[in-house]
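Participant: Using the supplied hints, reconstruct the complex from the two chains, each of which is provided in its own coordinate frame.
Quick note, the sequences are listed as chains F and H, same order. Okay, so the first sequence: first residue is 1378 according to the numbering used here, each after it adds one. Okay, so the second sequence: first residue is 10 according to the numbering used here, each after it adds one.
Some clues are possibly wrong.
Subject to a maximum C-alpha distance of 20 angstroms in a straight line, what follows is the list of computed SDA-like cross-link-like pairs (lysine to any residue) [claimed, not checked]:
id : chain 1 : residue 1 : chain 2 : residue 2
1  : F       : K1789     : F       : S1803
2  : H       : K157      : F       : Q1791
3  : H       : K132      : F       : R1579
4  : H       : K132      : F       : S1425
5  : F       : K1491     : H       : A77
6  : H       : K135      : F       : P1587
7  : H       : K135      : F       : R1577
8  : H       : K135      : F       : G1591
9  : F       : K1789     : H       : A77
10 : H       : K43       : H       : E241
11 : H       : K135      : F       : E1583
12 : F       : K1543     : F       : T1739
For the record, the hints were derived by calculation from the structure and aren't laboratory data. Only a predicted model underlies this, so the values are computations on that prediction, with no experimental measurement involved.
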Amino acid sequence: MAVAVQQHEKTPLWRNATFLKWLAQITVLVAVTALFIILGTQAFENFSKSGVSFGFKWLTDPTGVDIREGIDTSPDSGIRALSVGAMNTLRVTISGIFAATIFGTLIGIGRLSKNWIVNKISTVYIETLRNIPLLVQIFFWSALAITLPSLTADDVGTYWFKTSNKGFAFSWVFWDGGFWPWLTFVIVGAIVGKYVSRWRHRIQEETGQPSYPGTFRLLTILVFAVIGWFAWPLLSFLSPVWHWIADLVANLPPMIVPIVVAAASILVAALWIRKFFEARRTPAGFGKMTDDDWFRVIFAGLSGLIIAVLAFVIAGITITTVAGDRVSIPELALIGLSNIFDWLGNSFANNGGTPLVFQQPTVEIRGAGFVNYGTTGMVMSVPFFAVWTGVTLYTATYIAEIVRGGILAVSKGQTEAAQALGLTRSQYLRLIILPQAFRIILPPMGNQYLNLFKNTSLGIGVAFADIVAVGTTIMNQSGQSLPVVLIWMAFFVTGSLIISAIVNYYNRKMKLVER
Amino acid sequence: MTNNETPQQERVLGGDIIITEGVKKWFGDFQALKGVTTKVKEREVVVIIGPSGSGKSTFIRCINRLEAHQEGTIIVDGTELTNDIKNVEKIRSEVGMVFQQFNLFPHLTVLDNITLAPQWVRKIPKAEAEETGMELLERVGIPEQANKYPGQLSGGQQQRVAIARSLAMKPNIMLFDEPTSALDPEMIKEVLDVMKELALSGMTMIVVTHEMGFAKEVADRVLFFDYGTIVEEGTPEHFFTNPQHDRTKLFLSQIL
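Pulled out of the complex, with its shape left as it was, chain H reads as follows (with noise of 0.2 angstroms):
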């Protein structure tokens, strides 16, 4: 691959990583999803959309087993999603995820933050996942940030560290709940800047988001969600310039 040498370059895809077939999942009385089938390729960036309660979130949320689905099948770089313990800790050590509150550990330093899982799970020496904990602060571009506490950053700076928490376990999929819905306007751009250069070096990356501009430059593929089921999905362009759903159709006039 020269994606990393020449980033405007068409990324190429390979083979499908993430698997979901009818997905459903009931929240008591209410059913959040009513059969979700999709496939994700490697290096595919999708972004999902679709208004508040319809499902996105749960969605993603059910990839990494967050929440556990109750019907249909989940088959994330091979493994399958089911009960077993195992398959859930190894598909959560591969796949990273970043959240609308950040949710760094306020107890532990910036830097403390990215390397404890490193260390814990995947047993890398201290010395080893600092360094790598360092590079990956240079890449989101806070590195003089590493010794302060989360609570001393602000929004914007806590998103980055969040996204550098997830990287220093080398995830192969990276999930984004609605990962700037929780910053001031001025701070959405340093973490979609931080997204934008993840998704061109090639990462598998799901999106939730309400940052229409993010999808249309950086989408290869967009799926609408409405009440738990994918209304419409396709490549940006056509998306946005010609939906063919009415529902669609309503929910784009309605944010654009």
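Chain F on its own, in the form it takes in the complex (with noise of 0.2 angstroms):
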């Protein structure tokens, strides 16, 4: 061969890719670094010179906020307020998720139907409620709930279900002394019913009989549950026990917090590590490393590190309580930890009742001929029905879509397949059709799930007491902008991961093997 080939020459650093690589990922998180503290010190300066105040004393501090509608209507402090918000954003959210998974995914399998009608009123439903901007929709519904004829002295008494311009009341079923015991009654009984289930798809497997996992393993549940109803009190021996382990953690050195937490942050790091060496051996030995992987792992390791760090550092700062007292954090995660086995040795206490309570909803007149639903039943509040109707019918529009393209994209040649070879339509719709679609529905239909969570804030055009609208009334009687936006934000990244992660969690398990 006449070409010379120039191997042995050195390349210099500045056209060295793997050079190149590694300044490019470390300027990045360098710069990344360093603009973060120098926003961060800039606006504390800023704050400092403006004479605002910066800080969260308003969290502890009491409030006089009145909520209309939520788990506690006239709060003690900033931070049970926002709780409060935050506990109706979650209902709506989680409530509206399930309901436009359901609806959506009826309505997108209606835009396949042969059927002309159904097909028809899917597609209209569909071009109508995703072309008005959902505001505008939230709007709508308040108005149509409002123009419900208002309660009078003439509707005293108990139903099943009322409607009227206050809202929607509804017969409910509450959790009442017993639950917490009775719930654990369950729980075991979900367990249990898992090995149930297994052992009848293991007879179904050797005898090619149906042997009706599914059912066995509900009537398992039902039968623990049906037991917990009347031997929930025998649980009770429990109560002292966890206010045990209350004393117990209440005592324990605060040291032992940030001890803990860097622990467990450094045995993380490890472990992710070891995961991702794991993951790159291969049956000849130890794989490639690639500058990218040495990056994770380096990563890694220095995240696990600093936040050890972090925990000892944080330890350190101690704040004061609304009883005037300094406490540092570590001593302040005890009291948190202690509280919840308090409040669980409460719960699993014998203080009568019945696991579960089914009330239904009254009309009173309270005051001076002021009528209005009373407390027990469930009231759909109208700014409660208005966003949870918006959200729930737009989100359900898209979905909607997503569903109709999963299962076009699920090549025909696959239902040819299963039908060539004898399957129902059921069958292959549940073996074949849906397993495949649902894979590629996923992704979108995570993004739609976010969209619902954060579209609930627009329910503060019609006064929703969600997080947002909370959050605007503290703004405004305490004066503390930054604190409560910044509370809200963290408060919906949260969730937006928490709502991601699982997600990613069924989508990586639900991914296709490929060469």
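Facilitator: In structure tokens:
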């Protein structure tokens, strides 16, 4: 060969791809860190100059906020008020996600239906609702609900279901004194049910006869639920145990908290690195690591160390409580943990009652001729109704299109192959089409869940008492705008990350094995 | 029958197992089948050839009702194909089909692909279905791939799995819809070998293909389709050496 290959010439540093990649990674890391530090210190300086006190003391200070609906309508502190708002946001989000998924899936399948009427109704629904801004839709549902007749003295009484311009009241099941011990029975039943289901599966595989694993599983849980309904007071012996653990936790030396946190973070980092190395091990021996691989390993290790160090740094901070005591963060953490065990202890104590109670709503006269729903049953206020209906129907249009796309994306050949094997329609939908469609549907579905969660903040337009509306009130009262906004952001980021994590978990589980 | 022991011996054909009478099929304005009448005997190997769009695929897809014919009658193994879902399901479980694009189920392992239908349609216990599945994988020559996913296999291997998947239902009749058209040249032979072995074992087969070598070697009868009708039919010998119809002559001159 006449071609001269210049292999042995040393590559200069500025042409070395490996070096350049490392340089870029480290530069970005340093730049981002520096940017945050500069922005943070700058903001603090500006605040101290302008005289606005930037702080979170309002979280524990008494507050005069009154909230229209939620777990506590007259909260005693800022943090309590915000958690009532957060609970309202979560209520709309979680129930909205379930409703939008079911409804959207039905509409999506409806759009694929060969039945002309079903098909056209689905199409019109999707094309109408997804083309109107969500805020306008929320105003519409609110305006519609307000046109309902108002409650009068004639309406006083008990109902299964009652509508009025004060909202929708319906019968509901609430937990009562024995709920938590009973739930323990049900959870144990669910675990036992899993084994029962496996056992029935094994029988089915061995004999080929249908052995109804799903039915057996449900029956097992039901049996435990029924036994638990009567036997839950037996678990009240756990109450002193929980209290004892609470005392134990409260008396631990505070230094244990940073030690445990640091150990945990280093352990997690170490396990992650080990798993990473394991994943690159091939039968032939240890796989070749790329530069990116090394960067990830080093980054994971550093993160573990930094969190460990931070744990000790934060442990030194003390804050002032409502009562005026100064406590350190680790002490606060131990008190919180101890409170959880105390709460468990109280929940398991036998205070009478039943696990669940069924309540019907009532209409009562309150004060001078002022008619409203009573305290029993579930009352869905007009703002809640408007936001819930708005986000559910709006998100359902997108979910419908995602479901339709997912089913269409499974090739026609899959259906034909399944049909040619003699599988019935319900069998091939369940075993062949849906598992494949689900995997296509899942990632965009996660996006819609995130959108629904974030869109609930539009509820401020109809004065729905979510975390944004409550936060605005606190902002006006205390003048602390930035801390409130930071808490909003932290809340929505955390919630979104949890939703993403759940969706990603299922996504990874469903991934196709390719070459 | 002694076919399995002496594969060279002429297969003895049985009675008529598929009878079609004036089968017509339209896709909108386009008439894909313009009255197809033929009979297939038990253990017969029929090869269908013809230009694309001639209705040959549509015809075999009508035999297990992946397409519904609109006029005429199709009787498979004594059962007439009508709107009656029960008849359709019965015939589909007795007639295996192999597709051009394999159509394996990508989310299931090779063995699960094969055992799925026997378990759910025939209600055969999983252990037994897996045993049969492994035997079939031995027969098509890839038992070592049992626990891989279809995406990890080559085209030829995937098509052999597809054949094994159909055979797992113990069909009386096998339909092949251009089984080698999507394969690389060197993989065609491994699939054709499996099909030859199957033909010699006495399976009734209808094969739509462009593989003239296979037609010459294995077929009992060749049907030439054009414009939705059978233009010419006969033994491979007659067909390739002495075609009668001008259209057939033109077609053969272009592909041979």
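Participant: Going back to the hint list, which numbers does this structure go against?
Facilitator: Hint check: 4 fails alone, others pass.
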